[in-house]
Every structure is written in structure tokens, then in C-alpha cells.
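Asker: Work the whole structure out from these sequences, hints included.
As you go down the protein sequences, you meet chains H and Z in turn. Sequential numbering of the first sequence, starting at 258, is according to the numbering used here. Sequential numbering of the second sequence, starting at 294, is according to the numbering used here.
Check before you lean on any hint, since a few could be wrong.
Unchecked claim - Partial list, computed: chain H residues near chain Z (C-beta under 7 Å):
1. Leu300
2. Ile308
3. Asp312
4. Leu313
5. Leu320
Claimed, not checked - Residues from chain H that keep clear of chain Z, each with C-beta distances beyond 12 Å, as calculated:
6. Thr296
7. Ala346
8. Thr347
9. Trp348
Hints listed in this document are in silico derivations from the structure and should not be mistaken for laboratory results. Even for Gly, the Cβ is constructed at its ideal location relative to N, Cα and C.
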Amino acid sequence: MPPSRDGPLPALVNLAYYVSRTGLKKGFQVGTETIDSDTIRTLGRVAGIEIPDEDLAPLVALLTQHLASIDELPCMEITDVEPPLVFRATWDA
Amino acid sequence: MSNLRWSFGRPGMPDLTSLTLAEASERLQERSVSAVELMEATLQRIEATEPLIHAFAWRDADAAMDAARRADESRVNGLANGPLHGIPVGVKDLLYTKDIPTEAGSRVLTGFVPTHDATVVRKLRDAGAIVVGKTVTHEFAYGQNVPETRNPWQLDSYPGGSSAGSGAAVAARSLFAAIGTDTGGSVRTPSAVNGIVGLKPTYGLVSRNGCVPMSTSLDHIGPMTRTVLDTAILLEAIVGFDAGDPASLRSPVVDYRSGLGAGIRGMRIGIDTGYFFYDKVQAPVRKAVETAIDVLVSLGAVRVDISIPELEWSTTVGNVTTEVDMSTWHRQLLRSKGGHYHPGTRLMLELGELIPGTHYVLAQQARTRIRGAVRRTFAEHRLDALLGPTIPVTAPRLDDLSVDLVDEAADGGLATLVHHEYPANVTGLPALSVPCGFSEAGLPIGFQAIGKPLHEMTLLRLGHAYQGATPWHTMQPDLVATQPVGGSR
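Answerer: Here it is, written out as C-alpha cells:
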């Protein structure tokens with residue numbers, strides 16, 4: 258029998274470890290703001306999705322990590338760089 | 294270099310599945326082997342290996358045999374149309390196949406049967422290749438679940454992803470070649486950990502029309518084979534402009550096979566030690582790739598030490614782009630079928646919905662910066678390629694695998710695996726993974742060469758020259774002697 262497609266959840270386990278290591282109960286400090294489950298729930302509501310309770314804690318960790326990585330990007334001199342988004346005004350493309 | 298072994302259970306008969314694609318094609322053309330015989334051997338091999346490696350999401354032996362009979366008939370009638378005529382191949386279950394289920398490894402698409410082939414699949418069929426089956430992918434190629442596929446070199450190890458089934462099947466000799474998709478290394482990682490060759494072509498060279506997308510600006514489709522020559526044969530069949538893919542390039546047709554033997558004398562290879570040999574590169578990987586560089590230098594290549602600090606932002610750019618693009622494509626499905634996703638995939642789709650638009654634009658600006666820095670470096674140092682390990686580690690044991698894409702602290706985790714891969718995706722440059730050794734534990738190691746836009750030929754020449762001087766691509770896993778999952782180690 259092949260292992261189940263819906264097998265173990267290493268991502269969640271890993272995040273649970275991350276959460277236990279860093280202390281989710283108090284929420285994560287990002288700059289002057291704290292991200293916690295309520296923040297995630299509110300952001301989900303703004304986006305128009307109902308986030309299941311079991312996803313709240315992992316998302317606190319994931320969004321915090323995301324914000325930390327994004328904070329590093331402005332170190333690059335990119336203010337004069339155009340985004341590589343392609344828009345064609347012509348009708349022959 | 295042939296690695297003809299003898300088939301188990303058929304004493305005296307050559308095991309056709311141990312031939313490379315090019316060798317099998319040669320035998321078909323000289324009619325010393327028929328397409329039916331080749332297909333019978335392939336199906337027999339699949340029957341023997343599938344209980345161990347679970348590489349296929351779908352297969353139809355009867356349809357494959359029918360196609361093989363038709364291939365033989367058309368050859369007799371003088372209608373064989375090139376080196377792929379009658380060759381059994383597999384395609385990742387992210388690619389549309391007419392009248393055949395395409396489920397992208399997800400319950401969300403259960404029962405979905407496209408009414409047309411993906412352009413790549415159509416081109417393969419037009420070239421005479423026979424699609425034996427659909428190969429296993431992580432759910433929607435996101436890498437958050439653990440699919441049933443196992444690494445044929447060690448069954449308790451990661452088979453790579455997300456083109457896991459393609460990599461394992463080619464390594465196990467269950468297929469002569471397969472097609473994978475690559476958004477953050479999903480052709481190259483399974484190629485490296487399974488000891489095969491994988492090419493992510495230049496962005497836009499191979500049409501993505503009919504491929505379930507991850508990120509429209511990062512997605513690529515590429516060949517996975519045992520040798521560089523086989524990759525060249527497959528690439529020739531699948532390139533070309535396609536109006537069905539907005540990013541498709543109108544590029545000149547290249548005969549990738551004829552220039553393979555031109556050698557690499559004077560080829561300038563850039564080595565960014567700070568990025569591609571950073572502290573997470575395992576010692577056996579470092580040693581194998583440094584030895585591979587020495588081999589290339591002995592063949593006439595010139596080593597040039599360079600540094601591109603902007604590459605450090607590749608993982609962030611790749612992650613943000615993929616996360617937001619994925620969530621955009623899945624927006625309706627997440628709302629209507631959220632409970633059908635694997636929980637890990639659903640979590641990442643929710644994350645993509647929470648990322649501000651400003652962050653996405655910032656990532657695209659950083660991406661432009663990375664692209665400019667790489668372009669300048671190629672020009673200033675007159676480089677033909679960048680070279681380093683395909684991934685920093687050998688295949689992690691599945692028990693140890695962390696699929697957290699954003700936590701670099703986890704050794705062997707996905708964040709570590711994509712570190713070397715994302716640069717070629719965010720720049721759109723071609724990248725070739727070539728087997729270059731094994732760890733003491735017997736796990737394959739690969740090097741990656743990244744080239745200039747549309748310079749696939751340069752990478753293929755480099756890989757072909759390397760394979761002409763080394764034996765790694767001729768080795769194959771001894772699956773018969775390998776214990777099934779759950780057996781003793």
C-alpha cells in the first residue's frame with residue numbers, strides 16, 4: 258500500500274515547533290506592531306476568507322517570517338527600478 | 294556510454310529499459326527493436342518498480358501498447374517522424390492530457406479530464422513519443438504535502454519535488470524520459486536527488502499552455518532524462534512559439550544535437566562561492582561539485598570567480614511571487630473547495646491572500662535588480678555560465694524533511710532546497726542539472742549550470758562534455774535489492 262497522500266503534516270509540525278520556541282501566546286512583535294491570531298482573523302476577513310482556527314497559529318508564524326524577509330528588500334537600491342510588469346497598449350500583440 | 298544490463302527474469306535478453314533514449318531510438322530506427330518490444334519492456338519495468346517508488350499518478354498499459362503497435366505500423370509505412378517515434382515517456386500530472394485525468398495531485402481536481410492536450414504533450418505526441426502515464430506531483434506542485442513517490446536510490450529519502458514522479462521514474466528506468474515543471478527548481482531538484490539530467494529552459498522557450506499554473510512569471514516546463522544527449526532530443530521536440538502562452542518566445546529553431554560535441558575549450562564558468570557554496574552546502578556536495586569544476590577545467594573550461602550579492606534576495610522574491618500568484622489562481626477554488634486541499638497547501642494559499650500588494654510590487658522591483666546584476670556579471674566577466682551545486686544537500690530522509698518554505702533555519706528543508714534554484718526562475722535564465730557523484734550513503738549529487746538567455750546549447754555542450762568524461766550518468770539504483778518502505782534499513 259502506498260503511503261497516504263494525506264499523510265503527516267511536517268509543515269504544521271515544524272511551525273508548531275517554531276511557535277513553541279518563540280512564544281505565540283504573546284503574539285509576534287513586528288516593528289511596533291504585534292501579529293497574533295486576531296490580526297490574522299481580521300486580515301482574512303478583509304481578504305474575504307474565513308480562516309479555520311487550526312490555521313491561525315501557523316499563519317501568525319508564516320506572516321511574521323514573510324514580513325521579516327520583506328523588510329530586508331529595501332536594503333537594495335531599487336527606488337529607480339521599474340517593476341517588470343508588462344502592459345501592451347497596442348492591439349497587434 | 295551504454296550501461297546495458299541484463300533483465301531480471303529474462304536470462305539472455307538485453308534489458309531494453311537500461312538503454313538511453315538515444316540508444317533506444319537508434320535501435321528503433323535500425324529496426325533491431327520494435328516499439329512494441331520497447332513498450333513491453335517498459336511496462337514490465339514499471340510493474341516491477343511501481344510497488345516500490347510510486348512514480349505514476351495514472352497509467353494505461355493497454356492504450357500504451359496500442360500506441361506502440363501504431364508506431365510500428367507507421368514506421369513500416371515510412372511515416373516515422375524523428376528520434377522520439379515509439380519512445381515511451383511520462384508527463385507530470387500538472388499537464389493537460391486529452392481524455393486522461395489531470396488532477397495535479399489534488400482532491401480539488403478529482404475527476405478533471407481535459408478536452409485537449411497541453412502544447413508540450415501535443416508536441417511530444419506529434420513527434421511520435423508515447424505517453425505511458427502521468428507522473429506524481431506534490432499537490433499543485435506546491436511541495437507542502439508528502440506524495441507517495443519514493444527515491445529509488447534510497448526508499449526512505451526525499452524523491453525531490455515537485456516533479457517527483459518524473460525524477461523517480463527516469464532514475465528507476467521505468468521511463469526513457471519525462472517532462473517536469475519548474476517554478477522554484479521542480480525539474481532540477483528531483484533531477485539532482487535522483488541522479489538524472491534536468492533542464493529548465495529559458496522563460497518562454499517552451500509553451501506552458503495547458504499546464505496548471507503556479508506563477509505565470511516563474512513557471513517553466515522542461516525535460517528530465519538520463520543523459521544530456523537525451524535532453525537535447527526532447528528539447529528539440531517541445532520548443533517553439535505558441536500563441537496560447539502569452540510569454541512564448543519567437544526564437545530561431547536550434548538543432549541542439551548537432552552542436553553537442555563541440556567541446557568546451559575556452560568556455561568561461563563563473564563561480565559565486567559566497568552564494569552557491571554557502572555554509573549550508575553539505576561537505577560531500579561541496580566536494581563533488583568542486584571536483585566536477587576541476588573536470589570541466591581539465592576539459593578546457595576557464596574558472597572565473599565572481600560575486601553577485603543581489604542573488605541573496607532570490608528566495609524572498611521567488612516566495613512572494615509564487616505565494617501571491619498561486620493564491621490569485623486558486624482564489625475561487627479556495628473559497629468553494631477549501632476543505633479539499635491538503636492542510637499545508639491550504640495554509641500557503643491563505644498566506645498568499647494576506648500579503649499586501651505593495652510587497653508583491655517590491656518583490657518585482659527587486660527581481661529586476663537581480664536580473665540586471667546577473668546580466669552585468671555575465672557581460673563584465675564574459676561568462677558563458679554560472680556553476681554550483683544544484684541543491685546544497687543530498688536527498689533528506691523523509692522523516693527529517695521540513696516543508697516550511699520560509700524557514701531557512703531548517704537544514705534540508707524546502708527553504709534550503711530552493712536557495713540555489715530560485716535565481717534561474719526569477720531571472721528566467723536556462724539552467725541544467727547534471728549528475729556529478731554520490732555521497733557515502735549512496736545518494737546522488739548534481740551540479741547546476743545557469744546560462745545566458747536562449748543559450749541552452751552552451752549548457753548542453755558543457756553537460757555533454759562532462760558526461761563524456763565521467764561515469765555518473767551510467768549508474769542505476771538496484772531496486773531489486775532495495776527494501777520497500779517500512780522494511781529494515
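Asker: Does each hint fit the structure? Answer for all of them.
Answerer: Structure-based check of each hint:
no.: 1; hint: Leu300; in the structure: 5 Å, holds
no.: 2; hint: Ile308; in the structure: 6 Å, holds
no.: 3; hint: Asp312; in the structure: 5 Å, holds
no.: 4; hint: Leu313; in the structure: 10 Å, violated
no.: 5; hint: Leu320; in the structure: 6 Å, holds
no.: 6; hint: Thr296; in the structure: 9 Å, violated
no.: 7; hint: Ala346; in the structure: 15 Å, holds
no.: 8; hint: Thr347; in the structure: 14 Å, holds
no.: 9; hint: Trp348; in the structure: 15 Å, holds
Comparing the model with each numbered hint stated earlier shows that hints 4 and 6 do not hold.
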